[in-house]
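Put the two chains together into one complex; each comes in its own frame, and the hints tell you how they fit.
Top line first, the protein sequences correspond to chains A and B.
For the first sequence, position 31 (counting from the first letter as 1) is numbered 32 according to the working numbering, and the numbering increases by one without interruption.
For the second sequence, position 24 (counting from the first letter as 1) is numbered 140 according to the working numbering, and the numbering increases by one without interruption.
A portion of the hints provided could be inaccurate.
What the hints assert, rightly or not - So the derived label-pair ranges between C-beta atoms look like this: (1) Arg92(A) / Asp321(B): 24 to 30 angstroms; (2) Trp52(A) / Pro135(B): 20 to 26 angstroms; (3) Leu288(B) / Val57(A): 29 to 35 angstroms; (4) Glu332(B) / Phe30(A): 35 to 41 angstroms; (5) Met157(A) / Leu288(B): 21 to 27 angstroms; (6) Asp143(A) / His147(B): 34 to 40 angstroms; (7) Ala154(B) / Asn219(A): 42 to 48 angstroms; (8) Gly150(A) / Asp307(B): 50 to 56 angstroms.
Claimed, not checked - What the simulated footprint calls covered on chain A by chain B, stretch by stretch (three residues with Cβ under 8 angstroms from a Cβ of chain B suffice, anywhere in the stretch; the number is not a length): (9) 76-86; (10) 97-103; (11) 272-278.
Said to hold, decoys possible - To list a few chain B residues with every Cβ distance to chain A over 12 angstroms, as calculated: (12) Val118; (13) Asn121; (14) His122; (15) Phe123; (16) Arg146; (17) Phe176; (18) Pro177; (19) Ala200; (20) Ala232; (21) Arg264; (22) Thr286; (23) Leu289; (24) Gly306.
Simulated from the structure, these hints should not be mistaken for laboratory data.
As the structure is a computational prediction, the values presented were derived from the model and not from experiment.
Idealized CB from N, CA, C, for every residue including glycine.
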Amino acid sequence: MTLSLPQTPVLWGIAGVFAILVIASIVVFALTKARPARDYNELKARIFSWWVMVTVLAVAIVLSPVVSVAFLGFVSFLALKEYFSLIPTRRADRRVLFWAYLAIPLQFYWIGIEWYGMFIIFVPVYMFLFLPLAMLMTGQTDGFLRAAGSLHWGLMTMVFAIGHAAYLLALPDDGNPVAGSAGLLLFLIFLTQFNDVAQYVWGKLFGRHKVVPAVSPNKTVEGLLGGIATTTLLAWLIAPYLTPLVTWQAPVAGLIIGFAGFVGDVTISALKRDLGVKDSGSLIPGHGGVLDRIDSLTFTAPLFFHYVYYLHY
Amino acid sequence: MVTPNHFLRFLFFLLVVRPLVLVVLGLNVRHRERLPAAGPAIVAANHNSHLDTMVLMSLFPLSLLPRLRPVAAADYFLRNRIMAWFATRIIGIIPLKRAVHASGGDPLAEPTEALARGDILILFPEGSRGDPEHMEGFKTGIAHLAKRRAEAAIVPVFLHGLGKALPRGTFLLVPFFCDVFVGEAMAWSGDRASFMAELEKREMDLAAEGRFPAWE
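Pulled out of the complex, with its shape left as it was, chain B reads as follows (with noise of 0.2 angstroms):
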């Protein structure tokens, strides 16, 4: 398992992350005060843009950056050196391996840990960023995570503009100020799909909570 580098973690979140999630584009933050203060939690957000990640994790205060892990495909993440760096070392990824038939192991066994040792985990239960601004049905990872760490607090986010910002296929960032909804804290319900049913209609719900202008 590779461990962030923390001091240059903290210096990259405090001199280009945050100047650029509050200046360039800027968060309209609905219910903050519902985001977890303390681990462990899986903060379970909709996914359009590599920006996600960098305004999710702009959303907690940086004392508690080195508890904030996202987790990550690692197919995408780790494809070369510099970029397994530097999604490890200053991200701080957890890698997640998309297609587990062949290899064995358990995939989810460095997100459990993490959540053992009362992580916040940043998750996008869609799996990728698909096609911007468009919800995809959400895969049951999270589920299994729930299971084994009951205690953990599951807190939907519901993100809107940031694909519009800077969707998939796209290097250039164009500002818009992007909504951050965040729900209510649920807990393991004791059943997959009827955890699975209640994280989507909450998700749902929150996207419900936004008046949003046409973008096509």
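Isolated chain A (complex conformation) (with noise of 0.2 angstroms):
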């Protein structure tokens, strides 16, 4: 992992998000002048979360590939400790807890010294058999199976699902000559987070027919579909800025993208909804907990990855 500043157009695209912000603000604050009388503090508090998240991505991405790194295993811990805060766990298993939160430091070890075969077992085969036999030392049976199972979710979710977005900065900048690694990440990123807003807004303005009516009342067959259209287009205008997809490879990316992040979303919905909370935390104002901001995410990194990996790396 190379220290290098980002390329030019890694620069443009973050200039581009804040451009973005900029207009979303004047909006909000319009809209408070034009009808004081109804509330917007959520929208407002929704909107100043952005900025500081934003700006922290942003900052990270510019100081170097390592920090972004690092800033991305520290947000797979906040999501980890979200997860475990609101499943039931057994008391048995605090050490074995212990154990599966000491999992990300060493997979984001693995990424930054760009260790591809470590980075895509380690979770899977390593930690999957390693914390039943943690658990075997508890002696405890009771409710065994659940908790070997919720665990290794959660690590497969929040850690080597997320460590996807990361790994995408440990890939050799020769692959990607307009933007090096770091413009991978923005596009998955920004792709992912505009999704998700470009759905909610189809939704709100079109949707009529529920898609899934027992997860997630709220979300349309018009809000999807229009989301993956927009999603894919714009994925199809900025591609040829961020990535190495060509012709038809940044539509499909953009599909990808837009669809995994529905089924992301919904998923932790369901999550949420077995566990019998609104949000997953309070950690982001207006937004909820981490996990609720990057639910989309979790499916999104490792498709997005292994499909640019296939076809480019």
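Have a look at this one:
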């Protein structure tokens, strides 16, 4: 992982994201002036949180890939901590949870030293086998299967999947001559978050037919399709500046991110519904918890990574 | 009476306690605005972990740190010289003798004085950490204090999750987001039984605000 400043298209991309935030802030300001009677506090908090999140990510990307990987590792830690705090756990498994947390620095260390072989098997093979071993030490068989399953699901989702976003930075720069590895990360995160907003806006404007009423009653077919279409179009437009994806590859990347983002979102909704909570936490004002913000990324990151990896590396 | 070392205490809370509480643990605080902005006051919380004191002290601005005094068991925290130094100089505890039959004297003299000076006491009416994530009956020491300094606001706080993160009998800290629910301030009611009943009821009501995952 070389220490170099991100290439110009990445800086332009970051500038573009800030431009979108400026426009959004102006729109919200105009709305509050035009309709003083309505309460826009939730929307304001949400935009403010966007400013903070985008700034932190932008600083990490501009500083160095190492800082960006460490930052994503920290996000992974927050998400896993939220998950472990939400789910039922066994008192006897305290030490097992501690080992599960330790997987984060190790996994992001493999990413930092660009050891692909270890990165790709560490959680699905070694942690998968080690946690049950650690659980045997507790000698408690009550709830063994549920605990083994739920702990590993957390590691796969919060550490392994999110780690894929970080591994984009460990890919060799010559695979993406236009914008380097940071270009791929920016492309993935921007389109994933943009897709969330696009599906929400399409759903608000034209939503009629519920798509998964049992899990997420606000999600509609119109929102889903409109969001995917917008994301696909945007992917096709910006891919030449940030990624090595050419011709049909760019819109397909948009389709993958649009659909996978939806599935990730609904999967975390199903988890929250199962646990009887509305938000996964309260760390991000206007958004909820960390998991509420990166739910889509848990699906888009591994799928986008392996798509690009297969085509270009 | 041993006074805390304000400089070391400030550094310890700024550089160790706050990062630990806010980054390693992480708090969901409800009704933060109900915390007392000035003393005299007693913050009364349920007790499951050594972290309870650290979390409660982190809720206040650092400028109030010199005013914050946890009331803690003398037999436990003064059991050796290093622990006693750390507890009284850095954490700034007011030691309380839990067993008071023989020696005579007023065990509540120091906390009463602290309240008279306008301090904010942190007190665990359960008396000890007990079984993790289980609330035990409240001891009545807090009622004596409330009666003696009736001007002090009594603020009930319910803590959840710290007994999971660092229960009694272990040094291994496992990160969990923890919940802190602050109740509305109450005052001395004029009668010990009704005061204790009211305090316990408020604590139970706060506990009922949350929905906590099973942990057995």
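Hint by hint, here is what the structure shows:
At roughly 26 angstroms, the beta carbons of arginine 92(A) and aspartate 321(B) sit within the given window of 24 to 30 angstroms. Look at tryptophan 52(A) against proline 135(B): about 24 angstroms separates their beta carbons, and that is inside 20 to 26 angstroms. Checking the proposed 29 to 35 angstroms range against leucine 288(B) and valine 57(A) shows it holds: the Cβ atoms sit about 30 angstroms from each other. The supplied range of 35 to 41 angstroms is broken by glutamate 332(B) and phenylalanine 30(A), whose beta-carbon atoms lie about 51 angstroms from each other.
Look at methionine 157(A) against leucine 288(B): about 24 angstroms separates their beta carbons, and that is inside 21 to 27 angstroms. For aspartate 143(A) and histidine 147(B), the hinted distance range of 34 to 40 angstroms is satisfied, since their beta carbons lie about 37 angstroms from each other. Here the CB-CB span from alanine 154(B) to asparagine 219(A) is close to 45 angstroms, well matched to the stated 42 to 48 angstroms. At roughly 53 angstroms, the beta carbons of glycine 150(A) and aspartate 307(B) sit within the given window of 50 to 56 angstroms.
For a cut-off of 8 angstroms, the count of residues in the segment 76-86 of chain A with a CB near a CB of chain B stands at 6, and the three-residue condition holds. Check on the segment 97-103 of chain A: 3 of its residues sit with their Cβ under 8 angstroms from a Cβ of chain B, so the three-residue criterion for coverage holds. For the segment 272-278 of chain A, the stated coverage by chain B holds: 3 residues have a C-beta nearer than 8 angstroms to a C-beta of that chain, and at least 3 were required. Its beta-carbon lying about 35 angstroms from the closest one in chain A, valine 118(B) satisfies the requirement of being farther than 12 angstroms from that chain.
The beta carbon of asparagine 121(B) sits about 33 angstroms from the closest Cβ of chain A, which is more than 12 angstroms, so the claim that it is off the interface holds. Interface exclusion of histidine 122(B) from chain A stands, the closest Cβ pair being 32 angstroms apart, more than 12 angstroms. Against chain A, the non-interface label of phenylalanine 123(B) holds: every CB pair exceeds 12 angstroms, the least being about 31 angstroms. Not every beta carbon of chain A lies more than 12 angstroms from that of arginine 146(B), the smallest distance being close to 9 angstroms; the non-interface claim is violated.
Phenylalanine 176(B), annotated as away from the interface, keeps every beta carbon of chain A farther than 12 angstroms; the closest lies near 19 angstroms. For proline 177(B), the shortest C-beta to C-beta distance to chain A comes to about 20 angstroms, beyond the 12 angstroms cut-off, and the non-interface label holds. For alanine 200(B), the condition that its CB be more than 12 angstroms from all CB atoms of chain A holds, with the nearest at approximately 29 angstroms. With a cut of 12 angstroms on Cβ distances, alanine 232(B) stays outside the contact zone with chain A, its closest approach being about 37 angstroms.
Listed as outside the interface, arginine 264(B) is consistent with that label: its C-beta sits roughly 38 angstroms from the nearest C-beta of chain A, beyond the 12 angstroms cut-off. Chain A draws threonine 286(B) into its interface by the beta-carbon criterion, the shortest separation being 8 angstroms against a cut-off of 12 angstroms. Listed as a non-interface residue, leucine 289(B) fails to keep its Cβ farther than 12 angstroms from every Cβ of chain A; the least gap is roughly 8 angstroms. No Cβ of chain A approaches the Cβ of glycine 306(B) within 12 angstroms, the least distance being about 38 angstroms, so the stated non-interface status holds.
Checked against the numbered hints listed earlier, the structure breaks hints 4, 16, 22 and 23; every other hint is satisfied.
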